[in-house]
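Visitor: Put together the whole structure using the sequences plus the hints.
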Amino acid sequence: MITLLQCEYRKTRRKYLFLTALGITAIQLCWALYGTHPEDTLEWGWMMYLYQFPLINAIILPLLSIVVSSHLADLEHKGVMLKSLAVITDKKHIYDAKLIYGLSIVLLCNLISWCVTILSGYLIGFSGAVPLRLYALYLLFTLTPTIVIYMLLHALALLFRNQAVTFFTGIIGTFIGLFSMFLPSVPLLRKLLPWGYYGALQFVGMFGWTKETRMKNVYFATTDIDWMAFGILITMGIACYLIGEKLFERKEV
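Per the working numbering, residue 122 is the first one in the sequence shown, and the count goes up by one each step.
It is worth saying that the hints were derived from the structure and are not from the lab. Remember, it's a predicted structure, so these values are computed and weren't measured experimentally. Just so it is clear, CB atoms sit at the ideal spot from N, CA and C, and this is done for glycine as well. Do not take every clue at face value.
[Unchecked claim] Straight-line distance between alpha carbons at most 16 angstroms, and here's what the computed EDC-like set of lysine to aspartate or glutamate pairs gives:
| hint | residue 1 | residue 2 |
| --- | --- | --- |
| 1 | Lys-204 | Glu-370 |
| 2 | Lys-212 | Asp-347 |
| 3 | Lys-213 | Glu-370 |
| 4 | Lys-213 | Asp-347 |
| 5 | Lys-367 | Asp-195 |
| 6 | Lys-204 | Glu-373 |
| 7 | Lys-212 | Glu-197 |
| 8 | Lys-213 | Glu-373 |
| 9 | Lys-367 | Asp-211 |
| 10 | Lys-212 | Glu-373 |
| 11 | Lys-132 | Asp-195 |
| 12 | Lys-372 | Asp-211 |
| 13 | Lys-136 | Asp-211 |
| 14 | Lys-132 | Glu-197 |
| 15 | Lys-312 | Glu-366 |
| 16 | Lys-136 | Glu-197 |
| 17 | Lys-212 | Glu-370 |
[Unchecked claim] Computed beta-carbon distance windows for the label pairs:
| hint | residue 1 | residue 2 | range |
| --- | --- | --- | --- |
| 18 | Leu-368 | Ile-245 | 45 to 55 angstroms |
| 19 | Lys-367 | Leu-126 | 17 to 27 angstroms |
| 20 | Phe-281 | Gly-249 | 44 to 54 angstroms |
| 21 | Leu-126 | Leu-280 | 14 to 24 angstroms |
| 22 | Ala-147 | Tyr-172 | 20 to 30 angstroms |
| 23 | Leu-126 | Ile-364 | 21 to 31 angstroms |
| 24 | Asp-211 | Phe-296 | 29 to 39 angstroms |
| 25 | Leu-244 | Leu-184 | 21 to 31 angstroms |
| 26 | Leu-150 | Asp-345 | 43 to 53 angstroms |
| 27 | Phe-281 | Leu-184 | 16 to 26 angstroms |
| 28 | Gln-173 | Leu-309 | 23 to 33 angstroms |
| 29 | Met-349 | Arg-134 | 39 to 49 angstroms |
| 30 | Met-202 | Ile-245 | 42 to 52 angstroms |
| 31 | Glu-373 | Gly-144 | 29 to 39 angstroms |
Guide: Structural data, given as structure tokens:
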């Protein structure tokens, strides 16, 4: 496995895959952190971040997963690398090595984004100490949907030579996930696909907004965490991994 991971690194060393992933992360952070913060918003700045970021994550993180998974698979599909690798090692090991390598890039970018988010709150001057428990939950509920989405896209990228399949699946899933976040009255919609779980696992809400007063009386508060949804998401992830790996082992390369 270590040898296969080293091979993945060598194959992508001059393809600037990690730099591309960092660039997408930089776009995410610039989008999320751009703007000024009036004095009256500093009081609830930490909670405001926890309310705003899931929506941005639901757009950018699936895109990051599409780029990384498609690029890693396309390197093999362009030549006969899959066939060559399958001669010297099990297909299962190939599948797992590429999954681990791709996920490591995506998760590292997630961790960088999380750290920069907290650092920006300190630099801006948000009131009070950072609520570490809430931000740890936020990290968990960001990483988990991203992992499941990546597992699904990883399987598609390796199973189909045409990477348009992976691209359009990711884009359609992202659109449905975003659509579900704007329909809180239909919670079931958020749980149909892994893209919807950025919203299903959101645990900070905005209250007090009216058309007349707008942000004047707004406040942010935690809501109940849907642990059942989290369990369903974990089950989806296990299913994506097992089914994808089994199909890849049966695939003619």
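Visitor: The structure should be examined with respect to each hint, and the outcome stated for every one.
Guide: Checked hints:
no.: 1; hint: Lys-204 - Glu-370; in the structure: holds (12 angstroms)
no.: 2; hint: Lys-212 - Asp-347; in the structure: violated (37 angstroms)
no.: 3; hint: Lys-213 - Glu-370; in the structure: holds (6 angstroms)
no.: 4; hint: Lys-213 - Asp-347; in the structure: violated (34 angstroms)
no.: 5; hint: Lys-367 - Asp-195; in the structure: violated (20 angstroms)
no.: 6; hint: Lys-204 - Glu-373; in the structure: holds (9 angstroms)
no.: 7; hint: Lys-212 - Glu-197; in the structure: holds (13 angstroms)
no.: 8; hint: Lys-213 - Glu-373; in the structure: holds (13 angstroms)
no.: 9; hint: Lys-367 - Asp-211; in the structure: holds (12 angstroms)
no.: 10; hint: Lys-212 - Glu-373; in the structure: holds (10 angstroms)
no.: 11; hint: Lys-132 - Asp-195; in the structure: holds (11 angstroms)
no.: 12; hint: Lys-372 - Asp-211; in the structure: holds (12 angstroms)
no.: 13; hint: Lys-136 - Asp-211; in the structure: violated (26 angstroms)
no.: 14; hint: Lys-132 - Glu-197; in the structure: holds (10 angstroms)
no.: 15; hint: Lys-312 - Glu-366; in the structure: violated (23 angstroms)
no.: 16; hint: Lys-136 - Glu-197; in the structure: holds (13 angstroms)
no.: 17; hint: Lys-212 - Glu-370; in the structure: holds (6 angstroms)
no.: 18; hint: Leu-368 - Ile-245: 45 to 55 angstroms; in the structure: holds (47 angstroms)
no.: 19; hint: Lys-367 - Leu-126: 17 to 27 angstroms; in the structure: holds (22 angstroms)
no.: 20; hint: Phe-281 - Gly-249: 44 to 54 angstroms; in the structure: holds (49 angstroms)
no.: 21; hint: Leu-126 - Leu-280: 14 to 24 angstroms; in the structure: holds (21 angstroms)
no.: 22; hint: Ala-147 - Tyr-172: 20 to 30 angstroms; in the structure: holds (22 angstroms)
no.: 23; hint: Leu-126 - Ile-364: 21 to 31 angstroms; in the structure: holds (23 angstroms)
no.: 24; hint: Asp-211 - Phe-296: 29 to 39 angstroms; in the structure: holds (37 angstroms)
no.: 25; hint: Leu-244 - Leu-184: 21 to 31 angstroms; in the structure: holds (27 angstroms)
no.: 26; hint: Leu-150 - Asp-345: 43 to 53 angstroms; in the structure: violated (29 angstroms)
no.: 27; hint: Phe-281 - Leu-184: 16 to 26 angstroms; in the structure: holds (19 angstroms)
no.: 28; hint: Gln-173 - Leu-309: 23 to 33 angstroms; in the structure: holds (24 angstroms)
no.: 29; hint: Met-349 - Arg-134: 39 to 49 angstroms; in the structure: holds (43 angstroms)
no.: 30; hint: Met-202 - Ile-245: 42 to 52 angstroms; in the structure: holds (47 angstroms)
no.: 31; hint: Glu-373 - Gly-144: 29 to 39 angstroms; in the structure: holds (36 angstroms)
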